[in-house]
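Protein chains in written order, with my numbering: chain A, 1 to 347; chain B, 1 to 150.
Just so you know, the hints here were simulated from the structure itself, not pulled from any lab data.
Some hints here could point you the wrong way.
To be verified - Below 27 angstroms or equal to it, Euclidean Cα-Cα: the simulated BS3-like pairs (lysine-lysine) are:
1) A/284 <-> A/136
2) A/329 <-> A/284
3) A/105 <-> A/136
4) A/328 <-> A/284
5) A/320 <-> B/72
6) B/118 <-> B/51
7) A/10 <-> B/72
8) A/136 <-> A/320
9) B/51 <-> A/320
10) A/105 <-> B/51
What the hints assert, rightly or not - Computed spacing ranges between beta-carbons, pair by pair:
11) B/130 <-> A/101: 27 to 33 angstroms
12) B/93 <-> A/70: 29 to 35 angstroms
13) A/329 <-> B/122: 53 to 59 angstroms
Claimed, not checked - Where chain A lies over chain B, by a calculated footprint (3+ residues, C-beta under 8 angstroms):
14) 26-35
15) 45-54
16) 57-68
17) 98-109
Glycine included, every Cβ here is placed at the ideal spot set by N, Cα and C.
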Amino acid sequence: MAKWVRLWGKKRGTRMSGWWVVGSVSEAAFFGALFISGIVSLTNVVSSQVFWSESTFLPTIGFGFWLLVIAASSFIVIGLTAFILQVSQTLASPEQRSVLVDRAKREHQRRASGDEANNLPNLPSLRALTDSPGVKLAYRLAIQRGETTPLLLSSLFSVAWNAMLAVLAVIAVENHLRGHPDWFLTVLLVPFGIVSFFSTRWFFRTFRRQSGIGPTAVEISALPLLPNQSYRLYVCQYGRATFAWYRITLVCFEESTYQQGTDIRTERVPTMRIPICDSNCEEKSLVADPENPLEMDCQFRLPSDMMHSFQGRHNAIVWKIVVEGEVKKWPSFCRSFPVVVFPPDVV
Amino acid sequence: MAVVLPKFPSRRLSTRRSIAVRTEPAVGLRLRSLQQGLEPAETLDFEYCLKRVTPDMVDRLEVSVMWCTEGKGSDDLGVHLFESVTREQLTERPLGQPRRVSTVLPAYPLSYEGRLMKIRWCVRLRLYLSDGREITAEQPFYLGHLTIEV
C-alpha cells in the first residue's frame with residue numbers, strides 16, 4: 001500500500017522506486033486532460049466567434065482569434081499524441097512495439113517503392129555513395145557533409161556583426177558631430193570592436209584552412225567494403241602545396257546520441273584505424289601544383305575481424321576514409337569520406 | 001599464508017520471504033547449444049518452461065530473439081523473432097514441460113563491445129500473469145566472434 005501513497009519516486013540505477021503503473025496512469029491522465037481541455041477551448045473559441053459574434057454578417061476574426069485557435073490545437077495534438085504513445089507503451093512490450101514499427105515501416109517502403117528486397121535495416125544506404133562514378137576507379141566518394149559548416153557560420157556571423165558595428169559606429173560619430181555625444185554608445189563600441197576583430201580573424205583563419213589547400217578527390221574500386229577483401233584507392237590532391245606528410249587511413253567511429261536534461265547530444269569516438277598509405281617528404285616528393293596534382297594509388301586489405309557499419313536510431317558505427325596532411329606554412333588539414341562496410345554474409 | 005574465508009551474505013532471508021521465493025512463478029530458459037557464440041545463419045535452439053504456475057494464473061507469454069544496444073547513447077532495439085503465445089496455446093501441454101524454439105540467425109548486426117556502445121543479442125521471455133504481474137527471463141548469446149575469444 002505504501003507504494004500507492006508515495007508521491008516522489010527515487011531513481012535506483014536504471015529503475016525507479018515505486019510502482020510504474022502509478023506513473024504511467026498519471027501521465028496518461030495528464031495528457032488525456034490536456035487533450036480534452038484543448039477540445040473544449042477550441043470549441044469555445046470557435047463557437048463564440050461564429051454564433052455569438054457582435055458583427056452583423058461575418059464575425060470579426062483577428063490576430064487574437066487565430067492565436068487562441070493555434071494554442072488550443074497544439075493542446076489537442078500534444079495531448080492526443082502523448083496519450084496514444086503512453087497507452088501503447090503500457091499495453092505493449094518494447095519488443096512488440098519494435099515488431100509493429102518494423103512491420104509498418106516495411107509496408108510503407110513496399111508501397112512507396114514496390115520492392116523491399118533491397119532494404120537492409122540498420123545498415124547505411126549505399127545509394128548516396130554509388131551514384132557518382134569515378135574516372136580511374138568505380139566510385140568517386142563524396143566528402144563528409146558539414147565540413148564547410150564552420151566556414152559558413154564564421155562568414156555569416158562576421159558579416160552580421162560587422163554590419164551592426166558599422167551602423168552603431170555611424171550613429172555614434174553622427175551624435176558626436178552634432179554636438180550631442182552618446183558616451184554609453186561610444187564606450188559600447190570598444191567591446192563590440194573586440195568581438196568584431198576576433199570574429200573576422202576566425203573567418204579568415206577558417207577560409208585559409210579551407211581554401212589554401214585544393215580539393216581532394218577520392219575514388220574506390222568497389223562498394224560496399226567487405227571484411228577480408230582487397231580494394232584499390234585512388235587519391236588526387238589538387239591545388240598548389242608542398243606537403244610535409246600525407247596520410248590516408250580507414251577509421252571506424254562510434255556515434256551515440258543521448259539526452260542530457262533537455263539537450264540532445266551526440267558523442268563520437270574513433271575506435272579502430274586501418275592505415276592505407278603514410279608518406280612523408282623524406283621518402284618521396286609530396287608536391288601538388290595546378291598542372292600536376294599529387295596522385296596516390298593505394299591497395300589495402302581489410303581484416304577479417306572488423307565490425308561492419310551499423311545505423312540505429314540513437315547509435316551508429318561509421319567507417320570513413322580520412323585524408324590528413326601537413327602543408328608547409330599552412331595549418332594541417334583533415335578531410336573524411338564516408339564508406340560502408342557490410343557484414344560478410346549479407347552480399 | 002593468507003587465510004581466505006568464503007563470503008556469506010550478512011543477512012539471511014526471512015522465513016516468509018524464502019517461502020515466497022520458493023512458491024513464486026518462474027520462467028526457465030536455456031540454450032540447447034553447448035557454447036554461447038553462434039555464427040550468422042546458424043540455428044539458435046533454445047527451450048523454456050514455466051515453473052510453479054497453474055493455467056489460470058497465465059495471461060500470455062512473449063518469446064523474442066532480439067538485439068539491443070547498451071552504453072552511453074539511448075538504447076536501440078531490434079527483434080529477429082517474436083512470438084506471442086496465448087493461454088490456450090500454453091495449456092495444450094503441461095506448463096512445466098520444456099518447449100523448444102529454433103530460429104535461423106540473421107547475418108547482422110554482429111555482437112559488439114566498443115567504447116561508447118555494445119550490441120548484445122539475447123533470448124527474452126516475458127510472462128504476463130492474470131493478476132497484472134510480469135516475469136522476464138533473459139539468456140544472452142554472441143552472434144559472430146568479433147569480441148569474444150574463439
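Hint check results:
no. : hint                                : verdict
1   : A/284 <-> A/136                     : 23 angstroms, holds
2   : A/329 <-> A/284                     : 19 angstroms, holds
3   : A/105 <-> A/136                     : 38 angstroms, violated
4   : A/328 <-> A/284                     : 15 angstroms, holds
5   : A/320 <-> B/72                      : 22 angstroms, holds
6   : B/118 <-> B/51                      : 32 angstroms, violated
7   : A/10 <-> B/72                       : 21 angstroms, holds
8   : A/136 <-> A/320                     : 20 angstroms, holds
9   : B/51 <-> A/320                      : 51 angstroms, violated
10  : A/105 <-> B/51                      : 37 angstroms, violated
11  : B/130 <-> A/101: 27 to 33 angstroms : 28 angstroms, holds
12  : B/93 <-> A/70: 29 to 35 angstroms   : 59 angstroms, violated
13  : A/329 <-> B/122: 53 to 59 angstroms : 56 angstroms, holds
14  : 26-35                               : violated (count 0)
15  : 45-54                               : violated (count 0)
16  : 57-68                               : holds (count 3)
17  : 98-109                              : holds (count 3)
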